[in-house]
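Visitor: One line per chain: the protein sequences are A and B, in this order.
So that you can map any letter, position 104 of the first sequence is 104 in this note's numbering, and since no number is skipped, the others follow by simple counting.
So that you can map any letter, position 106 of the second sequence is 106 in this note's numbering, and since no number is skipped, the others follow by simple counting.
Some hints could be false.
For lysine-lysine, the following DSBU-like pairs were computed, each having C-alpha atoms within a straight-line distance of at most 35 Å [unchecked claim]: (1) A:Lys118 <-> A:Lys24; (2) A:Lys5 <-> A:Lys149; (3) A:Lys5 <-> A:Lys24; (4) B:Lys149 <-> B:Lys5; (5) B:Lys24 <-> B:Lys4; (6) B:Lys24 <-> B:Lys149; (7) B:Lys4 <-> A:Lys4; (8) A:Lys5 <-> B:Lys5; (9) A:Lys118 <-> B:Lys118; (10) B:Lys24 <-> A:Lys5; (11) B:Lys5 <-> A:Lys24; (12) B:Lys149 <-> B:Lys4; (13) A:Lys4 <-> B:Lys118; (14) B:Lys4 <-> A:Lys24; (15) A:Lys118 <-> A:Lys149; (16) A:Lys24 <-> A:Lys149; (17) B:Lys24 <-> A:Lys4; (18) A:Lys4 <-> A:Lys149; (19) B:Lys5 <-> A:Lys4; (20) A:Lys4 <-> A:Lys118; (21) A:Lys24 <-> B:Lys24; (22) B:Lys118 <-> A:Lys24; (23) A:Lys118 <-> B:Lys149; (24) A:Lys118 <-> A:Lys5; (25) B:Lys5 <-> B:Lys24; (26) A:Lys24 <-> B:Lys149; (27) A:Lys4 <-> A:Lys24; (28) B:Lys4 <-> B:Lys118; (29) A:Lys5 <-> B:Lys4; (30) B:Lys149 <-> B:Lys118; (31) B:Lys24 <-> B:Lys118; (32) B:Lys5 <-> B:Lys118.
Among chain A residues calculated to face chain B with C-beta under 8 Å, some are [to be verified]: (33) Phe20; (34) Tyr120; (35) Ala131; (36) Gly132.
Honestly, the hints are just simulated from the structure, not real lab data.
We put the beta carbon where it would ideally sit given N, CA and C, even for glycine.
Protein chains: 2
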Amino acid sequence: MEFKKIIEQVVSEIFSSMVFLDIKSLDGVDPEPMQGSMLSGMIGLAGDLQGTLLIHLPDQAAIAITNAFLGMELSAVDDDVKDAVGELANMVAGGIKYLMPENARDIALAIPSVVRGKGYSCEATGRFERAGVVFELAAGRFIVEVQIKDSGSLFGR
Amino acid sequence: MEFKKIIEQVVSEIFSSMVFLDIKSLDGVDPEPMQGSMLSGMIGLAGDLQGTLLIHLPDQAAIAITNAFLGMELSAVDDDVKDAVGELANMVAGGIKYLMPENARDIALAIPSVVRGKGYSCEATGRFERAGVVFELAAGRFIVEVQIKDSGSLFGR
């Protein structure tokens, strides 16, 4: 299965079973750097899959997800929003691990971090491959991507 | 050994043997959020030590380290600087792993990422412990810290 398909499946399942918000993936849309105030949840992957899982969200999307996920009525970014974004990255990374081929599932997770600011970039260094999907919900678009160490193709991407 | 001592030892050895720049650790100075244009190299740790290693540098310090490390004469941040910051995070994480007690050395590294911007924050979510050290070189101060999942004390910190 392609990495993009894995991301789509994992994120869709998490949103329908735990976040309870309608989202759709935008197949033809390439992930592009965001403007404005935003958050990025990220978590390191080690072992069979060595890389980073990242979720980039504009403030409004992060707030909407937190409100739906935790049953809150926040209107600004606070520690609850950061925690929710970190937990979302954690859940997506766990889901990706579960959907990897059986011989490539020995993956250990680091702990989630959240970057918060405006107009920052956030990228792996060295040689790496990436696969990203843009999702849309009522409160805006967000991006989920994996950046994986380039060590020959594990399977088709 | 305390985590701060491990960081001091690892960073000092890397700077004297590979970067060739004089640094000193500022024992009494607490790490504080930086202002201005900066970079953060970060890399996830999984296994016996689950967390993130982060290095926060103002642009000028990152450029000076890159020039010394790679024998270049850069005056602005470019991809070489980002790669050097990522590689520095990678080397520090590798050094920390080596200095852990023998029964806690089964640590797998993710891949380094670099955040670049101005006035962003970069923190673990959930319950975590941190240990950070401020270093000084001619081009400015930088911070090296570990953020570790709080799961009972592995050893004295």
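Visitor: Confirm or reject each hint.
Guide: Right, here's what the structure says about each hint:
no.: 1; hint: A:Lys118 <-> A:Lys24; result: 25 Å, holds
no.: 2; hint: A:Lys5 <-> A:Lys149; result: 19 Å, holds
no.: 3; hint: A:Lys5 <-> A:Lys24; result: 13 Å, holds
no.: 4; hint: B:Lys149 <-> B:Lys5; result: 19 Å, holds
no.: 5; hint: B:Lys24 <-> B:Lys4; result: 13 Å, holds
no.: 6; hint: B:Lys24 <-> B:Lys149; result: 28 Å, holds
no.: 7; hint: B:Lys4 <-> A:Lys4; result: 40 Å, violated
no.: 8; hint: A:Lys5 <-> B:Lys5; result: 45 Å, violated
no.: 9; hint: A:Lys118 <-> B:Lys118; result: 8 Å, holds
no.: 10; hint: B:Lys24 <-> A:Lys5; result: 49 Å, violated
no.: 11; hint: B:Lys5 <-> A:Lys24; result: 49 Å, violated
no.: 12; hint: B:Lys149 <-> B:Lys4; result: 16 Å, holds
no.: 13; hint: A:Lys4 <-> B:Lys118; result: 31 Å, holds
no.: 14; hint: B:Lys4 <-> A:Lys24; result: 46 Å, violated
no.: 15; hint: A:Lys118 <-> A:Lys149; result: 27 Å, holds
no.: 16; hint: A:Lys24 <-> A:Lys149; result: 28 Å, holds
no.: 17; hint: B:Lys24 <-> A:Lys4; result: 46 Å, violated
no.: 18; hint: A:Lys4 <-> A:Lys149; result: 16 Å, holds
no.: 19; hint: B:Lys5 <-> A:Lys4; result: 43 Å, violated
no.: 20; hint: A:Lys4 <-> A:Lys118; result: 26 Å, holds
no.: 21; hint: A:Lys24 <-> B:Lys24; result: 52 Å, violated
no.: 22; hint: B:Lys118 <-> A:Lys24; result: 32 Å, holds
no.: 23; hint: A:Lys118 <-> B:Lys149; result: 27 Å, holds
no.: 24; hint: A:Lys118 <-> A:Lys5; result: 29 Å, holds
no.: 25; hint: B:Lys5 <-> B:Lys24; result: 13 Å, holds
no.: 26; hint: A:Lys24 <-> B:Lys149; result: 33 Å, holds
no.: 27; hint: A:Lys4 <-> A:Lys24; result: 13 Å, holds
no.: 28; hint: B:Lys4 <-> B:Lys118; result: 26 Å, holds
no.: 29; hint: A:Lys5 <-> B:Lys4; result: 42 Å, violated
no.: 30; hint: B:Lys149 <-> B:Lys118; result: 27 Å, holds
no.: 31; hint: B:Lys24 <-> B:Lys118; result: 25 Å, holds
no.: 32; hint: B:Lys5 <-> B:Lys118; result: 29 Å, holds
no.: 33; hint: Phe20; result: 21 Å, violated
no.: 34; hint: Tyr120; result: 3 Å, holds
no.: 35; hint: Ala131; result: 15 Å, violated
no.: 36; hint: Gly132; result: 14 Å, violated
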